[in-house]
Amino acid sequence: MELVIFFIRAVVAVIGAVAMLMSRNAIHSALFLLLNFSAIAVLYLLLRAPFLFAVQLIVYAGAIIVLFLFVVMLLGAERAEDERDQIAWQRPLAAVLGVVLLGEAIYVFFVQPGTVVRAPTAGAEDFASPDKISAALFSTYLLPFEITSVLLLAALVGVVVLHLRAPQAQANGSEPLSELPTIAPEPTVPGEVVRH
Amino acid sequence: MVPTLYYIVLSAVLFTAGVLGVLIRRNALIVFMSVELMLNSANLALVAFAQARQNLNGQILVFFVITVAAAEVAVGLALLVAIFHTKRTTDIDEISTLKG
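Top line first, the protein sequences correspond to chains A and B. All residue numbers for the first sequence refer to the numbering used here, where the first residue is 35 and numbers rise by one. All residue numbers for the second sequence refer to the numbering used here, where the first residue is 395 and numbers rise by one.
Do not rely on the hints blindly, as some may be mistaken.
Pairwise CB distance ranges, derived in the manner of DEER restraints [said to hold, decoys possible]:
| # | chain 1 | residue 1 | chain 2 | residue 2 | range |
| --- | --- | --- | --- | --- | --- |
| 1 | B | 480 | A | 107 | 49 to 57 Å |
| 2 | A | 42 | B | 449 | 25 to 33 Å |
| 3 | B | 481 | A | 160 | 49 to 57 Å |
| 4 | A | 145 | B | 473 | 37 to 45 Å |
| 5 | A | 127 | B | 489 | 14 to 22 Å |
| 6 | A | 180 | B | 489 | 16 to 24 Å |
| 7 | B | 482 | A | 88 | 38 to 46 Å |
| 8 | B | 397 | A | 133 | 18 to 26 Å |
| 9 | A | 165 | B | 492 | 45 to 53 Å |
| 10 | B | 458 | A | 126 | 33 to 41 Å |
| 11 | A | 145 | B | 395 | 45 to 53 Å |
| 12 | A | 160 | B | 458 | 39 to 47 Å |
| 13 | A | 121 | B | 397 | 35 to 43 Å |
Selected chain B positions facing chain A (Cβ under 7 Å, derived; list incomplete) [unchecked claim]:
| # | residue |
| --- | --- |
| 14 | 404 |
| 15 | 417 |
| 16 | 425 |
| 17 | 429 |
| 18 | 433 |
| 19 | 436 |
| 20 | 440 |
| 21 | 445 |
| 22 | 454 |
| 23 | 476 |
| 24 | 491 |
Coverage of chain A stretches by chain B, computed from C-beta distances (three or more under 8 Å per stretch; other residues unrestricted) [claimed, not checked]:
| # | region |
| --- | --- |
| 25 | 74 to 88 |
| 26 | 184 to 195 |
No lab work stands behind these hints, which were simulated from the structure alone. Heads up, the beta-carbon is just placed ideally off N, CA and C, and yes, glycines get one too.
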């Protein structure tokens with residue numbers, strides 16, 4: 035039964051990934067990526083990782099995909115890229131390199147499987163229940179957890195600084211820094227949406 | 395019980411798809427999505443190994459990877475929007491100012 039679910043979800047995940055590569059429209063790409071993420075979330079559930087299942091759905095499927103969709107619609111970047119290529123041999127070479135990479139991985143996993151992958155040990159069903167994860171996170175991994183908050187704060191500040199500077203650099207590059215809060219990025223946003 | 399090998403092979407396939415996306419596509423947004431795909435395939439392999447060894451540390455690492463990926467996406471998309479404001483394109487072939 036688990037094997038059936040695994041194969042269905044694996045096929046859905048691969049279809050999502052390949053369709054994301056192939057679709058010409060960036061919005062379709064983002065939605066196929068959402069399909070891929072949700073398939074992987076179900077695989078986490080099969081792997082007895084309910085906490086990561088929830089985190090995958092909330093952070094990836096919820097936050098990151100919405101962010102992608104928002105930016106795609108904001109920039110009007112959903113139109114197809116033109117076919118001409120500045121480096122003509124890049125795509126064939128990329129295909130060859132991709133096949134080589136996949137073949138290498140398959141070789142390592144199938145020809146010498148014992149060196150890489152052990153058989154799964156049948157252990158406790160709830161070895162990764164949310165309370166055990168939180169116990170590890172707030173004891174052994176307390177310092178990385180706190181550093182994560184600093185990282186998120188840095189990202190937040192970085193995003194705000196980038197978005198304050200971008201319209202101002204376009205208008206006048208020599209504006210003093212103290213004038214920044216008066217230049218709101220909002221006026222450019224409706225224009226962008228209307229233009230496309 | 396699904397063998398760990400199946401998860402690892404699926405992870406390798408997804409990672410290859412992500413690599414191909416980075417190499418083939420010209421739209422910076424889709425290149426970014428491909429990077430996310432690669433991070434996800436690595437996460438899948440980590441969770442599969444964690445389950446095979448009944449070890450919690452792999453899942454904790456996946457939690458941190460997801461956190462860093464969220465921060466990375468926020469900053470990267472802000473950079474893309476800033477580039478779009480000056481260059482009016484998301485085509486990575488057009489953004490070649492550093493080429494000299």
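Taking the hints in turn, this is what the structure says about them:
1. B/480 <-> A/107: 49 to 57 Å: Given range 49 to 57 Å: violated, Cβ gap about 20 Å.
2. A/42 <-> B/449: 25 to 33 Å: holds (27 Å)
3. B/481 <-> A/160: 49 to 57 Å: Distance hint for residue 481 of chain B, residue 160 of chain A holds at roughly 51 Å.
4. A/145 <-> B/473: 37 to 45 Å: Distance hint for residue 145 of chain A, residue 473 of chain B holds at roughly 42 Å.
5. A/127 <-> B/489: 14 to 22 Å: Holds, since residue 127 of chain A and residue 489 of chain B (Cβ atoms, about 21 Å apart) stay within the stated range.
6. A/180 <-> B/489: 16 to 24 Å: The hint (16 to 24 Å, Cβ to Cβ) is violated, given that residue 180 of chain A and residue 489 of chain B are roughly 36 Å apart.
7. B/482 <-> A/88: 38 to 46 Å: This hint holds: roughly 40 Å between Cβ atoms.
8. B/397 <-> A/133: 18 to 26 Å: Since residue 397 of chain B and residue 133 of chain A have Cβ atoms about 24 Å apart, the given range 18 to 26 Å holds.
9. A/165 <-> B/492: 45 to 53 Å: The hinted range 45 to 53 Å holds for residue 165 of chain A and residue 492 of chain B, with Cβ atoms some 50 Å apart.
10. B/458 <-> A/126: 33 to 41 Å: holds (37 Å)
11. A/145 <-> B/395: 45 to 53 Å: violated (23 Å)
12. A/160 <-> B/458: 39 to 47 Å: Between residue 160 of chain A and residue 458 of chain B, where Cβ atoms are some 22 Å apart, the hint is violated.
13. A/121 <-> B/397: 35 to 43 Å: With a Cβ separation near 41 Å, residue 121 of chain A and residue 397 of chain B satisfy 35 to 43 Å, so the hint holds.
14. 404: Holds, because the Cβ-Cβ distance from residue 404 of chain B to chain A comes to roughly 5 Å (cut-off 7 Å).
15. 417: Nearest chain A Cβ about 3 Å off; hint holds.
16. 425: With a closest approach of 11 Å, the residue 425 of chain B hint is violated.
17. 429: Violated, about 11 Å.
18. 433: Where the cut-off is 7 Å and the nearest Cβ of chain A is about 9 Å from residue 433 of chain B, the hint is violated.
19. 436: Violated, about 11 Å.
20. 440: Violated, about 10 Å.
21. 445: Because about 5 Å separates residue 445 of chain B from the closest Cβ in chain A, which is inside the 7 Å limit, the hint holds.
22. 454: holds (6 Å)
23. 476: Result: holds, 4 Å to nearest chain A Cβ.
24. 491: violated (14 Å)
25. 74 to 88: holds (count 9)
26. 184 to 195: holds (count 7)
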